[in-house]
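Those protein sequences? They're chains A and B, same order as listed. First residue of the first sequence? That's 1 in the numbering used here, and the numbers climb one at a time after it. First residue of the second sequence? That's 276 in the numbering used here, and the numbers climb one at a time after it.
Just so you know, these hints were derived from the structure itself, not from any lab. Treat the hints with care, as some may be off.
Label pairs and their in silico Cβ distance ranges [stated by the list, open to error]: (1) A:F41 <-> B:L370: 19 to 29 Å; (2) B:S381 <-> A:A178: 26 to 36 Å; (3) B:G367 <-> A:I43: 49 to 59 Å; (4) A:G155 <-> B:V572: 50 to 60 Å; (5) B:V572 <-> A:K20: 21 to 31 Å; (6) B:W464 <-> A:T9: 48 to 58 Å; (7) A:I43 <-> B:L373: 47 to 57 Å; (8) B:S394 <-> A:I26: 50 to 60 Å.
Chain A residues, not near chain B, derived (Cβ > 12 Å throughout) [to be verified]: (9) S19; (10) I83; (11) A193; (12) L208; (13) F210; (14) M213; (15) A218; (16) V233; (17) L247; (18) L264; (19) A270.
Calculated Cβ distances over 10 Å to all of chain B for the following chain A residues [what the hints assert, rightly or not]: (20) A3; (21) V25; (22) A33; (23) V187; (24) M194.
Glycine included, every Cβ here is placed at the ideal spot set by N, Cα and C.
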Amino acid sequence: MKALSQFFTLVKWEWLRESKGFDTVISMVLFAAITLLVLSFAIDPELVSTKQLSFLGIPETASTAGDAARSDDAESAELSAKIVSEIRYRLRAGILWVVCLLAGAVGIERAFRGGQDEKVLQGILVSPISRATFYHAKLASTFLFVLIMEVIAFGLFLLLFNVSLPLERALLALLFLAVGSLGYVAVGTTLSAMMRSVQGGEVLLRILLFPLMIPVFAVSVDATALLFAGEPVSWTPDGPGVNFRHLGLLIGADLLYVFAGQILFEVVMAEYDVN
Amino acid sequence: MADLQSYDDETRRLRRVLWILAGLLIAFVGLRIGISSVKNDTNIFGEWVGFIWSRTPGKAILVALGIWIILRLLVFRPGTDRGRDNLPLQIGFTLVALTGYHFFISDVVPFQISQIGSSYLIFFYHFPSALNCLFFFTLLFFTSIAYLRTEDPLWDRVSRVAAQVGVVACLAALATGSAWAKSAWGHWWVWEDPRLITTAIMCLTYVGYVMLQSAIDDDYKRRRYCAVLGIIAFLNLPLVNKAPEWFGQVKHPVQFEDLKSDPTIQATRWIGTLVFLSVYTLIFRWRFERESVHDRVSQTIDRVRRIEEGWSAS
Chain A
1 MKALSQFFTL
11 VKWEWLRESK
21 GFDTVISMVL
31 FAAITLLVLS
41 FAIDPELVST
51 KQLSFLGIPE
61 TASTAGDAAR
71 SDDAESAELS
81 AKIVSEIRYR
91 LRAGILWVVC
101 LLAGAVGIER
111 AFRGGQDEKV
121 LQGILVSPIS
131 RATFYHAKLA
141 STFLFVLIME
151 VIAFGLFLLL
161 FNVSLPLERA
171 LLALLFLAVG
181 SLGYVAVGTT
191 LSAMMRSVQG
201 GEVLLRILLF
211 PLMIPVFAVS
221 VDATALLFAG
231 EPVSWTPDGP
241 GVNFRHLGLL
251 IGADLLYVFA
261 GQILFEVVMA
271 EYDVN
Chain B
276 MADLQSYDDE
286 TRRLRRVLWI
296 LAGLLIAFVG
306 LRIGISSVKN
316 DTNIFGEWVG
326 FIWSRTPGKA
336 ILVALGIWII
346 LRLLVFRPGT
356 DRGRDNLPLQ
366 IGFTLVALTG
376 YHFFISDVVP
386 FQISQIGSSY
396 LIFFYHFPSA
406 LNCLFFFTLL
416 FFTSIAYLRT
426 EDPLWDRVSR
436 VAAQVGVVAC
446 LAALATGSAW
456 AKSAWGHWWV
466 WEDPRLITTA
476 IMCLTYVGYV
486 MLQSAIDDDY
496 KRRRYCAVLG
506 IIAFLNLPLV
516 NKAPEWFGQV
526 KHPVQFEDLK
536 SDPTIQATRW
546 IGTLVFLSVY
556 TLIFRWRFER
566 ESVHDRVSQT
576 IDRVRRIEEG
586 WSAS
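Extracted from the complex, chain A is given alone in its bound form:
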């Protein structure tokens, strides 16, 4: 109970500190917006069309030849349309996740750097607050900031890339964004605590963090692409479209990362232990 109240106090303190100028959130959002804009110039998902597939030998539309050939062609035209839509939605989902990863790294890096005095950190660490509570509070506050950024970036993304989603699908996509980035922030918080006093730590943080996030990233992009494509949503492990296996894998990965992150954070912070 005491740990819980300490946790909320710490989160509230972080929030108060952040709400003075919303430095972290604003820098993350700006970074995300600029990346989105640059990407919208560089990559146009609509450029992928059935025309390009016809170069590969897949017919663009059904021909008017004999019956058997027509049904064959119709089938492959359907297939090519499906491939095109899949590529388009996968591109969009990939863009969204890349932006969230890159911008999230900005916030994670500032969890222990941005304006955080080393003495404040020492003060918290010598207070009776346990390391685990401190870690979870830090994780929660960073996650909150990243989540705010993701909501804004998601809105911008929908605008810039002309994705029209029904509300419940948008909320589901946001749920996947949140669940996916929880594990990301969990590992990131520990790494950020490690890198706070390392020279060139910002770059190293990214180099070490991004590879670790590949499993989460792959599953989330897959699920988000299916959501954008309008595939059915089912809450069973083996259903068609977006199913519970996606969410289950993400939640499992999150639990693993939070657990490992907490233990290793205590190890990282042990340098302040009084021997």
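Following the hints, put chain B in place on chain A, whose structure we already have.
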């Protein structure tokens, strides 16, 4: 004095065993050449190896013998003179074993298999490297835990060197894999193979580990942080191993039936793993010596600096 005596005895015994093993290997090679020159038939030895390998006791005996050789004779004892003493022995053993292994590849295994032809022969370099890279990264994981538990700098040094050797092995596996992909699929890099991607990512993670080792000046912090990273990075390893099953598209050649079913190929690739373990252990020993010297020098410099600071303060 008693220690020295037993140490000498043991060394002599080890040398004797090693000479016997080397002699056996040379005898095998000679026998094989003799047989092939007389009978002009290339697969007798292969059938013989396959016969032994396809029976469980034979497999167990071969693997146990190999592991025993590696662990009992070749793996050095860090920080003792004995480790330095058996270095020539290991070099000799590695050379003989590599020669024997090439003989296995050239003569014992079938020259080509269905589906992929003779380009599969590069797997006998690819598979041992990949497995050894996993071995060294696993070693790094356990030594990281050991460091956090005991705070003995030895474990940090071992994990530092294990990361370096593992990265080398990983690069070797990636290079041989790419070469095979070029010949089989026509491209050096194939994005459809999840294991290729996850292996490259794992390689990058450990390159990051090596970078972190050199980025922090404070020794205490460096050891702690690197141990933490060694544990976190290990979380990726099951992914690398299971990637072909988890991400639907299986393109990695683990699926070819001939690779799985032929006992000669099985035996050869596991023997190759042991041979390459010996090779990479050699690199490990070389790096370990260098790192030990480096650590000792930097400790001495630190001590001198502290003494000088003490003088100037007083």
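Here's how the hints hold up against the structure:
no. : hint                          : verdict
1   : A:F41 <-> B:L370: 19 to 29 Å  : 58 Å, violated
2   : B:S381 <-> A:A178: 26 to 36 Å : 57 Å, violated
3   : B:G367 <-> A:I43: 49 to 59 Å  : 57 Å, holds
4   : A:G155 <-> B:V572: 50 to 60 Å : 57 Å, holds
5   : B:V572 <-> A:K20: 21 to 31 Å  : 49 Å, violated
6   : B:W464 <-> A:T9: 48 to 58 Å   : 51 Å, holds
7   : A:I43 <-> B:L373: 47 to 57 Å  : 49 Å, holds
8   : B:S394 <-> A:I26: 50 to 60 Å  : 55 Å, holds
9   : S19                           : 32 Å, holds
10  : I83                           : 14 Å, holds
11  : A193                          : 9 Å, violated
12  : L208                          : 4 Å, violated
13  : F210                          : 8 Å, violated
14  : M213                          : 10 Å, violated
15  : A218                          : 7 Å, violated
16  : V233                          : 20 Å, holds
17  : L247                          : 16 Å, holds
18  : L264                          : 5 Å, violated
19  : A270                          : 7 Å, violated
20  : A3                            : 23 Å, holds
21  : V25                           : 27 Å, holds
22  : A33                           : 28 Å, holds
23  : V187                          : 7 Å, violated
24  : M194                          : 5 Å, violated
Checked against the numbered hints above, the structure breaks hints 1, 2, 5, 11, 12, 13, 14, 15, 18, 19, 23 and 24 and satisfies the rest.
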